[in-house]
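S.K.: Going line by line, the protein sequences match chains B and X.
Here the first sequence is numbered in the working numbering, starting from 74 and rising by one per residue.
Here the second sequence is numbered in the working numbering, starting from 82 and rising by one per residue.
Treat each hint with caution, since some may be false.
[Claimed, not checked] Straight line, CA to CA, 20 Å or less: simulated EDC-like cross-link-like pairs of lysine to aspartate or glutamate:
1. Lys176(X) <-> Asp418(X)
2. Lys206(X) <-> Asp418(X)
3. Lys166(X) <-> Asp228(B)
4. Lys112(X) <-> Glu148(X)
5. Lys206(X) <-> Asp252(X)
6. Lys271(X) <-> Asp246(B)
Hints in this document: simulated from the structure, not taken from any laboratory.
Here the structure is a predicted model, which is why all the values come from computation and not from measurement.
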Amino acid sequence: MTYFFQQSLNALQLGSIYALIALGYTMVYGILTMINFAHGDLFMVGAFFTFIAAVLLGLPFVPTLLVSMIGVALLGVLIERVAYRPLRNAPRVSAVITALGVGLFLENFTLVFYPYPQHIPQLIQNTTWNIAGVSISSLQIIIILLSVGMMIMLDLIVRKTMVGMAMRAISWDKAIIPLMGVPLNLIVSATFALGTGLGAAAGTMYALAFPVIDPYMGILIGWKAFISAVVGGIGNIRGAMIGGFILGTVEIMVAAFLPSTYRDFVAFALLLVLLIFRPYGILGKPRPQKV
Amino acid sequence: MKKGTLIFVVMLIASMLLAACGTGAGGDVIKIGVVAELTGDIPAVGASSKNAAELAVKEINDAGGLEVGGKTYKIELFIEDNAGKADQSASAASKLITQQNVVAIVGPNASRYAIPASEIAESSKVVLISPWSTNPKTTLKGDTTEPKQYVFRAAFIDPFQGRVVAKFALDNLGAKNAAVLYDVASDYNKGIAEFFKATFEESGGTIVAFETYTTGDKDFSAQLTKIKDANPDVIFLPNYYSEVPLQIQQAHRLGITVPFLGSDSWGSAELITLCGTECEGYYFSTHYAADAATPVATKFIEAYKAAYGNTPDDVAALTYDSFGLLWNALKSAGKVDRESVRAGMAMITNYEGVTGNMAFEAGSGDPVKSAVILQVKGDKFIWFANAAP
Chain B
74 MTYFFQQSLN ALQLGSIYAL IALGYTMVYG ILTMINFAHG DLFMVGAFFT
124 FIAAVLLGLP FVPTLLVSMI GVALLGVLIE RVAYRPLRNA PRVSAVITAL
174 GVGLFLENFT LVFYPYPQHI PQLIQNTTWN IAGVSISSLQ IIIILLSVGM
224 MIMLDLIVRK TMVGMAMRAI SWDKAIIPLM GVPLNLIVSA TFALGTGLGA
274 AAGTMYALAF PVIDPYMGIL IGWKAFISAV VGGIGNIRGA MIGGFILGTV
324 EIMVAAFLPS TYRDFVAFAL LLVLLIFRPY GILGKPRPQK V
Chain X
82 MKKGTLIFVV MLIASMLLAA CGTGAGGDVI KIGVVAELTG DIPAVGASSK
132 NAAELAVKEI NDAGGLEVGG KTYKIELFIE DNAGKADQSA SAASKLITQQ
182 NVVAIVGPNA SRYAIPASEI AESSKVVLIS PWSTNPKTTL KGDTTEPKQY
232 VFRAAFIDPF QGRVVAKFAL DNLGAKNAAV LYDVASDYNK GIAEFFKATF
282 EESGGTIVAF ETYTTGDKDF SAQLTKIKDA NPDVIFLPNY YSEVPLQIQQ
332 AHRLGITVPF LGSDSWGSAE LITLCGTECE GYYFSTHYAA DAATPVATKF
382 IEAYKAAYGN TPDDVAALTY DSFGLLWNAL KSAGKVDRES VRAGMAMITN
432 YEGVTGNMAF EAGSGDPVKS AVILQVKGDK FIWFANAAP
């Protein structure tokens, strides 16, 4: 039983990181029906901003987290302005290819400055407690609480504020709502800022939990977060959170109770089966196509 | 736009012509290619290999050149990056063979890149010496036990290394139960994990957990929790220096306190940078110990330190030895062409290198040599024990 609780804690930690990144995919999709494949690499940039803030500027944890979130949010807004906005009315494939290109650019740009994997120092005094045989570290608690806190805040922003209302309205109908005086470009920028900022927060926490970072670290985890968003129902914010926790749990539990070599194929086979029964994801709803 | 294209085409043609001139003029030059992991997941390996290769070539050129068959040749080096990818290793090898026209290739280093590149070298009949690859498959044809004709290495092979580490765990650490965590997607890690398991079990030990992950994973919590539950006396991590620190840190956070063991893939100074103090006191097997060096090795270590300001790691030493083997092969062949290099390599039966004495058996590209066990102490790797073949 201790073993099960320990693995559940592992799942919760991994799941909250997936969920935070998945939010970025789902928010952009909700607003623009476009998949921002550069999001995994923005997560990576978040980890490198963490490195710059913590090591080169010597900042403690909270300012580091803010530097990384604000830096990447600005970068996200810039990317949207420069790379995606000119293509907003272009065929969907062009936007997807551009996003992949932006991702590759970010990877190789970082590679120029940091060809070596970098080490992140311990920003938080890490104590490990042993509660009835289960090891819990302060870092784990911070990651889980901070992620859940950010998700609750995002949920409140989207449901209770004017900006959130505008976001929901635009995701409902991109053509009509701007005619009612909602500034489309401003809301899109705000969405990118929020989504990539959360991705950067995930990057910072990931870099603290797994303190070796490299320019390719965002690829695999970006795909997994994207899959989480789809499983939860892409475009649906609560769906992305649920999807992240589901993927984290499935991955950890498969490795925990079956030979770990089976992890990825069993995990993804399960998700495929889930999508067969819920093709729009767990919380997703089919969107009526206007002809 | 059109004008731009035209200029581009003209420049392209001009550069091709220049390149052609370059190859035409090389009468008294021996061209040697290097494939190294300059970028990707293990760039420290590529950097060491590049440094040692440049040092080896510079020493020859500064001394006037290499005398082969009564004629002195300068050495020209072509270094290709494989970007830490198997397919790019193969294409870098073909580029060196077909475009740069090299007589021999040194590298790639990691087995997962050396194996695809060695296939290209074998089919193009060009000698390839991998400095650091320890997987037996590098020098074997396909899945057979028949050796490749053109592929050699400067390192010992994994069955030996797996045996050395297993014996060390049993005899020196008195371990009865061992756990292994390894990258199942990488030839090197997988090979050595299996050889360790085989020897450990044959010698009366028990493998209580044999866990895997795939390249790029950073979260090992599920596997490590499983290992903790199995309660081993020692944990073997035959993984690369960029991943080992994460595995050890996460294990410590889960409350695992047993000693960790590693293989030669640990032997980069980067390991200590990435680990901080968490790798203190752990052991790994490798090719040579910089602090217990022979006169041949001391000479190399001094030269390397003077040129690059740091102590050469095992990749650097093995790359240097690969070039040493190559110079020997060229001298004994007496001619500079691809077939002669192959004939010259086959003639070497014994070579005293930086990483110790290498004996080549007829028809095999694998040297018989000894290993050392090093211990991580402070910011250094300290010699702990020798293991004879």
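S.K.: Indicate, hint by hint, whether the structure satisfies it.
M.R.: Do the hints match the structure? See the list:
Between Lys176(X) and Asp418(X) the CA atoms are separated by roughly 18 Å; this keeps the pair inside 20 Å, and the hint holds. At most 20 Å may separate the alpha-carbon atoms for a hinted pair to count; Lys206(X) and Asp418(X) meet this at roughly 11 Å. The suggested pairing of Lys166(X) with Asp228(B) is violated, with an alpha-carbon distance near 41 Å, which exceeds 20 Å. Our distance criterion of 20 Å between C-alpha atoms is met by Lys112(X) and Glu148(X), whose separation comes to about 14 Å.
Only pairs whose Cα atoms come within 20 Å are accepted, and Lys206(X) paired with Asp252(X) is rejected, the gap being roughly 44 Å. Taking the CA atoms of Lys271(X) and Asp246(B), the gap is about 53 Å. The hint is violated against a cut of 20 Å.
Checked against the numbered hints given earlier, the structure breaks hints 3, 5 and 6 and satisfies all the rest.
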